[in-house]
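K.L.:
This is what each chain is made of:
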Amino acid sequence: MEFIFYFGDVFTPINFGLLLIGTIGGLILGATPGLSPTMAVALLIPFTFQLEAAQGLILLGAAYTSTVAGGAVSAILLKIPGAPANIATTLDGHTMARNGEGAKALQLSFLASAVGGVFGVLLLIFLTPVLAKWALAFGPSHLFWLAILGVTVIGSLDSKSVVKGLLSGCIGLWLATIGFDDIMGAQRFIFHPALGGGINIIAALIGLFAIPQVITMFAKGRIASGAEVISVEKHSVVDAMKEIMRNKRAMSIGTITGSIIGLIPGVGGQIAGLVAYDQSKKFSPHRDKFGTGHPEGVIAAESANNAMVGPSLVPLLTLSIPGSPTAAVLLGGLLIHGIFPGTDLFDNHPDVAWTFINSMLIGQILMCIFGLYVAGFAAKVARVPQSIMAAVVMGLAVFGSYSVQSSMGDVYVMASLGVMMYFLERFGFSAAPLVLGLILGPIAEANFIQGSMIANATDGMTPYFLGGPLNIFLIAVVIASILYSAYMELRNRRYTSKEEIMA
Amino acid sequence: MSDLSMPRLQHILASGAVAAVGVWITYISYTQQPSEAFLFPRLIATIFVVLAIWTFVKACLGWTKVGTGITLRQFTSLLPGLIVALVYIFWAAKGLGFYTATAIAFFILLSLYDPNSHSEVRSWVKRVIITACFMVVMYLLFATLLKVYTPREIFF
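As you go down the protein sequences, you meet chains A and G in turn.
Numbering-wise (my numbering), the first sequence opens with residue 1 and increments by one.
Numbering-wise (my numbering), the second sequence opens with residue 1 and increments by one.
The set of hints was computed from the structure by calculation and includes no laboratory data.
Estimated spans, in silico, between C-beta atoms of each pair: (1) A:Gln405 with G:Ala132: 21 to 31 Å; (2) G:Val137 with A:Lys234: 27 to 37 Å; (3) A:Arg493 with G:Val21: 26 to 36 Å; (4) G:Val21 with A:Pro469: 32 to 42 Å; (5) G:Thr144 with A:Ala457: 47 to 57 Å; (6) A:Asp239 with G:Pro115: 32 to 42 Å; (7) G:Trp54 with A:Gly8: 52 to 62 Å; (8) G:Leu140 with A:Gly467: 50 to 60 Å; (9) A:Pro350 with G:Thr144: 32 to 42 Å; (10) G:Pro115 with A:Leu483: 42 to 52 Å; (11) G:Thr31 with A:Leu483: 29 to 39 Å.
Note that CB positions come from ideal geometry on N, CA and C, so glycine has one too.
Work out the full structure: start from the sequences and follow the hints.
P.N.:
Laid out in structure tokens, this is it:
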């Protein structure tokens, strides 16, 4: 119950002001097609430099929460999911809007998001300290395997190809070794003065998440947004609340499914929304109504994608393993403020950790309140043409990456990685494992070196890194995640081939 | 060359480039001194090169199932924007001054991809106004609020 002591910190004028800015800004950014939550949070990081750690995290956390929920606005009114997490929402949400129930669909989505989101953050509050205490038992070899686990889990689960996912993770780990090594001070892979200080995480995050989006918009050519916003009629919020109460089953399925999926590193909101929608349909007596503008579909999908936000931070705050790409960007935000999540976060920085977590709880409620009122305006923002969005994101990416260290080298790194990532993505490589490799690389290397020194002074490398129940457990999880993903990939391929033959 | 063979060739080129990087970093990791500093990179590079060669062989055999590649239409659409963006980032931002270069690049990108007519004065005025508004916001955010000192160079 330690979190209660830090609740007051959320309500200081500056903290609450930042929470409001992050929430409203996140709703608008989320409603804008082409701006994913990950990219929005990455672009916001440079604005947190001048803030204290807790303040910066409040802004980033609020933006994370609201962009996921804000994505429902464009999903419902434009049939364009604001983020992958809102794909399932379009199925019934847009049909409801077409049937003249746009306001009702928006109200249901924000209310369901708030219920799911609050449950998810409560899970974060109660699970995190327990796991953090458990994580205290970790030594260098365990931390090394944990870092490798973070990269392999997200590499194998987030990518459509296990090999390409793991290869992306390796590229990230290699990029993390560029610069001077910490022990000998030797130069490694420095081919340009811009790489002398290594690759700056924030510049890399901006490049890897923002620039491919910009180039994707370029690749579409001269197209109008083309989306017609459906006008929203008046609808009582009280009636929407009653509707939520009538659909407890969809709400519960969405919330529980989203929370469980959030806890699994590497599985994002897109999967949470689609799985919850599918499960809700299976358990519903009105399954034939799904897809025809049925409220249960909107409630299940939206409660799930917000319920996964809190739990996706549990592995991040306890074990330094981000549960989603956006959580990986938040990890970058923590590291630039000198805060290393994991074993000692709640002992050394309880004020930062609890203020951040509490702000996410309040943020869910604010998101719901503002969402109900900002939705109409956010829908108008969603009509901003892609040409303006591309130019704005490009400008923000350049200024943001320059402002990290006032260095043109960071801008060059940002642009080079961004262009490289665009082309890699076209060939099935994924940005999330690459980012994880880049972030967890220094942690893996430091613990590997420290562990090898201990190993050389004791039993040797093999028993130290491969022996002991915790090491064996972590290695087993690494192997299991890779094998499971390989199995799923093969199964999906066979299923697709069968469908092609049937067609 | 048929439409079907293009993605395969693209996959071979892309995975070949990744494999070449893998071989190169593995070579450096095993040959550079002091060897202690390259202990961890060696570990990574070994796995990297194995996975990269595997991917390359799969691409050569036509077994690659993931990734759509780039169509000629997408490439010709993105190329002008990419060139403007790269000239802006790698030369103009430092050479002309951050704000001047950003304003020019923003305006060109906006004009290149704006679906509105290029023969109407009204749409050009609109683009100028949007560029001016964006620059004002960027100046207020970065120069005034965040106190970021950007290269001024020839202009501003």
